[in-house]
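A.B. asks: In UniProt numbering, the protein residues as written are 1 to 154.
In short, the hints are calculated from the structure, not lab data. Cβ coordinates follow ideal geometry from the N, Cα and C atoms, glycine included. Watch out, some of these pointers could steer you wrong.
Stated by the list, open to error - SDA-like, lysine to any residue: derived pairs with alpha carbons at most 25 Å apart:
#1 Lys101 <-> Arg29
#2 Lys101 <-> Arg56
#3 Lys101 <-> Gly80
#4 Lys101 <-> Ala75
#5 Lys101 <-> Arg74
#6 Lys101 <-> Arg61
#7 Lys101 <-> Arg16
#8 Lys101 <-> Ala115
#9 Lys101 <-> Ala50
#10 Lys101 <-> Glu83
#11 Lys101 <-> Asp141
#12 Lys101 <-> Asp36
#13 Lys101 <-> Ala40
#14 Lys101 <-> Ile85
#15 Lys101 <-> Leu146
#16 Lys101 <-> Thr68
#17 Lys101 <-> Gly51
#18 Lys101 <-> Ala125
#19 Lys101 <-> Pro38
#20 Lys101 <-> Thr31
#21 Lys101 <-> His30
#22 Lys101 <-> Ser113
#23 Lys101 <-> Arg111
#24 Lys101 <-> Ala138
#25 Lys101 <-> Thr10
#26 Lys101 <-> Ile42
#27 Lys101 <-> Glu43
#28 Lys101 <-> Glu33
#29 Lys101 <-> Ala79
#30 Lys101 <-> Thr77
#31 Lys101 <-> Thr54
Claimed, not checked - Derived DEER-like restraints, expressed as beta-carbon distance ranges:
#32 Leu142 <-> Thr88: 40 to 50 Å
#33 Arg119 <-> Gly51: 25 to 35 Å
#34 Ala11 <-> Ala108: 27 to 37 Å
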Amino acid sequence: MPRQNGVMDTATEFGRLLGPLRRAVLRTRHTAELPDLPEAQIELLRVLAAGDATPREVAARLRVAPSTVSNLVRAMTAAGLVERIPSTVDLRTVRLAASPKALDMLDAYDRTSTAALRRALDGLAPSSREALERALPALDDLLAALEAEAPGEG
Numbered sequence: 001m002p003r004q005n006g007v008m009d010t011a012t013e014f015g016r017l018l019g020p021l022r023r024a025v026l027r028t029r030h031t032a033e034l035p036d037l038p039e040a041q042i043e044l045l046r047v048l049a050a051g052d053a054t055p056r057e058v059a060a061r062l063r064v065a066p067s068t069v070s071n072l073v074r075a076m077t078a079a080g081l082v083e084r085i086p087s088t089v090d091l092r093t094v095r096l097a098a099s100p101k102a103l104d105m106l107d108a109y110d111r112t113s114t115a116a117l118r119r120a121l122d123g124l125a126p127s128s129r130e131a132l133e134r135a136l137p138a139l140d141d142l143l144a145a146l147e148a149e150a151p152g153e154g
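Work out the full structure: start from the sequences and follow the hints.
C.D. replies: Next comes the structure, spelled out in structure tokens:
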């Protein structure tokens, strides 16, 4: 492990582990023969799974440019994953919703990933499982801190 002045450099070590951990979880989709969606599309679907939203609201939640959302929505609408709902009040406005197909896919992804993580966690020593459980609130805090400091694209 990288050390600075004899102390582990937590930021370096954590950053080194993030990519491989993410890829290991993503591989579970392939072993379950689930469709391969880019992470950006999955993030957009997760926003829409919480409820329909305008493209601008989605862009703000994802902290990306509205043009990024437009490009994603175009491809995802063609694939039957996103539905565009015209406003009854303002014909220039649409709301976006995840299709039933997309919600089923997200559910399958989550079930598959959760099962793989449970198997991996069950194989760890009890002290490692407990350390990970205790770290969850700190990881939430870390995410909030990174979100607060990272500028959005749009």
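A.B. asks: Now tell me if each hint is right for this structure.
C.D. replies: Status of each hint after checking the structure:
| no. | hint | verdict |
| --- | --- | --- |
| 1 | Lys101 <-> Arg29 | holds, 16 Å |
| 2 | Lys101 <-> Arg56 | holds, 23 Å |
| 3 | Lys101 <-> Gly80 | holds, 7 Å |
| 4 | Lys101 <-> Ala75 | holds, 15 Å |
| 5 | Lys101 <-> Arg74 | holds, 16 Å |
| 6 | Lys101 <-> Arg61 | holds, 22 Å |
| 7 | Lys101 <-> Arg16 | violated, 35 Å |
| 8 | Lys101 <-> Ala115 | holds, 21 Å |
| 9 | Lys101 <-> Ala50 | holds, 15 Å |
| 10 | Lys101 <-> Glu83 | holds, 11 Å |
| 11 | Lys101 <-> Asp141 | violated, 33 Å |
| 12 | Lys101 <-> Asp36 | holds, 14 Å |
| 13 | Lys101 <-> Ala40 | holds, 17 Å |
| 14 | Lys101 <-> Ile85 | holds, 16 Å |
| 15 | Lys101 <-> Leu146 | violated, 32 Å |
| 16 | Lys101 <-> Thr68 | holds, 22 Å |
| 17 | Lys101 <-> Gly51 | holds, 15 Å |
| 18 | Lys101 <-> Ala125 | violated, 38 Å |
| 19 | Lys101 <-> Pro38 | holds, 16 Å |
| 20 | Lys101 <-> Thr31 | holds, 20 Å |
| 21 | Lys101 <-> His30 | holds, 18 Å |
| 22 | Lys101 <-> Ser113 | holds, 18 Å |
| 23 | Lys101 <-> Arg111 | holds, 15 Å |
| 24 | Lys101 <-> Ala138 | violated, 34 Å |
| 25 | Lys101 <-> Thr10 | violated, 40 Å |
| 26 | Lys101 <-> Ile42 | holds, 13 Å |
| 27 | Lys101 <-> Glu43 | holds, 16 Å |
| 28 | Lys101 <-> Glu33 | holds, 16 Å |
| 29 | Lys101 <-> Ala79 | holds, 10 Å |
| 30 | Lys101 <-> Thr77 | holds, 11 Å |
| 31 | Lys101 <-> Thr54 | holds, 20 Å |
| 32 | Leu142 <-> Thr88: 40 to 50 Å | holds, 42 Å |
| 33 | Arg119 <-> Gly51: 25 to 35 Å | holds, 32 Å |
| 34 | Ala11 <-> Ala108: 27 to 37 Å | holds, 34 Å |
Comparing the model with each numbered hint stated earlier shows that hints 7, 11, 15, 18, 24, 25 do not hold.
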